[in-house]
Amino acid sequence: MVTTTRVAHPRPWRSASSLPVFDAPPQAGGEATRSVRIPLAKPHPSVPWGPFRPKAFAGEVVPFTVTAFREGHDRIGVLVRLTAPDGDVSLHRLRALGDGFDRWTTEVALVQEGTWMFRFESFADDFATWQHAADLKIAAGVDEQLMREMGALLLERAGSQKARAKAERARLVRAAAALRDAAVDTDGALVIVRDPELAALMHARPLASLYTVGEQRELLVERDRAGSGAWYEFFPRSEGAEVLADGQIRSGTFQTAIRRLPAVADMGFDVLYLPPIHPIGRINRKGRNNTLDPQPGDPGSPWAIGSDEGGHDTVHPDLGTLEDFRAFVTAAREAGIEVALDFALQAAPDHPWVREHPEWFTTLPDGSIAYAENPPKKYQDIYPINFDNDPEGIRAEALRVVRHWIDQGVKIFRVDNPHTKPLQFWEWLIATVNAEHPDVVFLAEAFTRPAPLQSLASVGFQQSYTYFTWRNTKVELEEFLLSLARDTADFLRPNLFVNTPDILTEYLQFGGRPAYRIRAVIAATAAPTYGVYAGYELYENVARPGSEENIDNEKYEYKVRDWDGAVERGDSLAPFLGRLNDIRRTHPALGQLRNLRVHWSDDDAVLVYSKHLDGDLSPSGKSDTIIVVVNTDPHSVRETMVHLDTTVWGVPAGDAYEVEDLLSGARWTWADHNFVRLDAFTEPVHILHVKETR
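Numbering (the UniProt record's numbering), first residue to last: 1 to 694.
One or more hints might be untrue.
[As the list claims (entries may be wrong)] The calculated DMTMM-like cross-link candidates involving lysine to aspartate or glutamate, where the alpha carbons are at most 20 Å apart (straight line), are:
| no. | residue 1 | residue 2 |
| --- | --- | --- |
| 1 | Lys-622 | Glu-658 |
| 2 | Lys-559 | Glu-549 |
| 3 | Lys-42 | Asp-102 |
| 4 | Lys-378 | Glu-548 |
| 5 | Lys-474 | Asp-602 |
| 6 | Lys-411 | Glu-338 |
| 7 | Lys-421 | Glu-359 |
| 8 | Lys-474 | Asp-604 |
| 9 | Lys-691 | Glu-660 |
| 10 | Lys-691 | Asp-614 |
| 11 | Lys-474 | Asp-487 |
| 12 | Lys-421 | Glu-548 |
| 13 | Lys-474 | Asp-603 |
| 14 | Lys-42 | Glu-71 |
| 15 | Lys-377 | Glu-548 |
| 16 | Lys-559 | Asp-502 |
| 17 | Lys-691 | Asp-672 |
| 18 | Lys-137 | Asp-195 |
| 19 | Lys-474 | Glu-506 |
| 20 | Lys-137 | Glu-149 |
| 21 | Lys-378 | Asp-502 |
| 22 | Lys-474 | Asp-679 |
These aren't lab readings, by the way, just hints derived from the structure by calculation.
Assemble the whole structure, with the sequences as input and the hints as a guide.
This is how it looks when you write it as structure tokens:
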């Protein structure tokens, strides 16, 4: 039985009485092991990196696309049959893209979490075939009577179907009679052939033959936070840290870090990411700016995990106790923030693992244990894990650690350098954890080559860092953002962090304050998930000479910042970030990834893109359209024309419509060609909301 499911436009067939009628038994189709009359090929959503499930997040609008064709000029129809996790079934008819490649598509908003099943189906659309031929032939005076009789037979056939409503059946029978009526001239016959109401009836319930069924496929829909959210990163040891009379710094704690939560919430961030909170090794501890000579009071890198005080399941004693951490998680939740915790599978030389499981590390010919390396760099405070010697033992310990932190209330893990561990390990760990806790989210910090980055996403990582920080020009961003929205969206969810403790790009180093506003706007509007590392709002842009990271890097020392004073002086980007996150919450089009469309400008520095969400796909039932226009050159004033494909949001080319700049409040009347002036020093971007015109 087919019942209503929680999906959106295009309207599904909702009951057994409204399914198409097929005159022949179905043929197996799919990626053809044998030929069929109407082949189905290249189905999407799909994953190119092996036999893995594509994925979406709850509320995401998913395009279902397939290639389908038949011989000759006869018309076909294509459907996708969706089975929701609760067993509800719906059919959705696809539309032809008309791109010359026989591609068909429809979009569905998937609300229910869990595993969905979908399959494509194709059929010969007998009425549409006749309608197309009759329109051409009757108008040309060719075979008019034959075409009229063929149409009458089809309409009678449809009118005899008892599943149709009585009034509809009567309407079809009258149309059949009119085609046979000699008093109805050629123009009258063409009126029937071209009748849009009649065509709509036959489109909604087509006369179908040569029915082909594709392969059944799976699509995993995860919770909304797996695909959308605004992340903020801070070091709890810096929040509430105090400078003592002797110049030493007393570490902040979970209790003092709680005081920072209201400010994070006021900026609109809903995920707070903490670097490792575990004891830090003392052997080979790094000093300030990654030096090898730490001074008294230097806290070391949190990623050098483990000491005599404990390892990955322990809280650094300077931060407090496990009970204090749970209180912090609770306070964050009450502020509307979810805590994400770093999961770094590596060890300091004095980690308990080194004593208890030396086989988990690589012993060199001279008897020493190999350090972590990124040649020519060495990380003398970290030993990488060797997964070859005792893979089962390492798996068991990693799973134990993750379960431990889940028990403390953590449901999001940011995974450090996952591309340096075996792919099979992550596939196993994530599948095992998600089988027990489907709401746990893993973010891959994989700044690596495209193949391993995409493979990690394919095997289960819910989110991934990307190359966004290094894509800064108009051309780079156009290519990059379109690829995220189209090429990899079935399996890779990007988290567009604007900066990290390790990454301070030249764009931010030398772009001044405009660069910080520009990058924040692009990150916050181009993808449903983005992130900011603390200090960004203070425009911290001084790099360690010859590097792409901040001088006096917080990885190796405490940072005592005057957050409130910066806001009072007007030296903080925090109010601007709060406005961006408010815009994100208010406009559901920005909560989607796959709806990004790039438009055009006459200036090689002015980037233009839009995001549109149809009302039938929106949770509010109202359509939403955002246009973003960005001057990507933070050193200039740009005046140019932008050129928009307004049909993306349903406005015919040349028609006028109203837009409001959600940052400045200015309103303009726009069309498809518009003048803009973007001053990087005062107003480098427009975030325009298209007002309803219909």
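Consistency of the hints with the structure:
Taken as a hint, the Lys-622 and Glu-658 pair is honoured in the structure, with Cα atoms around 16 Å apart against an allowance of 20 Å. Straight-line distance between C-alpha atoms of Lys-559 and Glu-549 comes to about 15 Å, which keeps the hinted pair within the 20 Å bound. For the hint linking Lys-42 to Asp-102, the alpha-carbon distance of about 11 Å falls within 20 Å, and the restraint holds. Taking the CA atoms of Lys-378 and Glu-548, the gap is about 17 Å. The hint holds against a cut of 20 Å.
Distance hint between Lys-474 and Asp-602 is fulfilled; the C-alpha atoms sit about 12 Å from each other, no more than 20 Å. Distance check on the hinted pair: Lys-411 and Glu-338 sit about 8 Å apart at the alpha-carbon level, within 20 Å; holds. A C-alpha spacing of about 16 Å is found between Lys-421 and Glu-359, which places the hinted pair at or below 20 Å, so the restraint holds. About 7 Å separates the Cα atoms of Lys-474 and Asp-604, which keeps this hinted pair within 20 Å; it holds.
For the proposed pair Lys-691 and Glu-660, the alpha carbon gap of about 7 Å is at most 20 Å, so the pair holds. The straight-line distance between the Cα atoms of Lys-691 and Asp-614 is roughly 13 Å, inside the 20 Å bound, and the hint therefore holds. A C-alpha spacing of about 19 Å is found between Lys-474 and Asp-487, which places the hinted pair at or below 20 Å, so the restraint holds. Between Lys-421 and Glu-548 the alpha-carbon distance is near 25 Å, which puts this suggested pair outside the 20 Å criterion.
In summary, the hint linking Lys-474 to Asp-603 is supported, as the alpha carbons are separated by about 9 Å, within the 20 Å threshold. For the hint linking Lys-42 to Glu-71, the alpha-carbon distance of about 18 Å falls within 20 Å, and the restraint holds. The hinted pair formed by Lys-377 and Glu-548 meets the criterion: a straight-line CA distance of about 14 Å does not exceed 20 Å. About 15 Å separates the Cα atoms of Lys-559 and Asp-502, which keeps this hinted pair within 20 Å; it holds.
About 15 Å separates the Cα atoms of Lys-691 and Asp-672, which keeps this hinted pair within 20 Å; it holds. Pair hint Lys-137 plus Asp-195 holds up; C-alpha atoms about 16 Å apart against a cutoff of 20 Å. Straight-line distance between C-alpha atoms of Lys-474 and Glu-506 comes to about 16 Å, which keeps the hinted pair within the 20 Å bound. Among the hinted pairs, Lys-137 with Glu-149 is consistent with the structure: their alpha-carbon atoms are about 13 Å apart, no more than 20 Å.
Note on Lys-378 and Asp-502: the hinted pairing holds, with a Cα-Cα distance of about 15 Å set against a maximum of 20 Å. Only pairs whose Cα atoms come within 20 Å are accepted, and Lys-474 paired with Asp-679 is accepted, the gap being roughly 16 Å.
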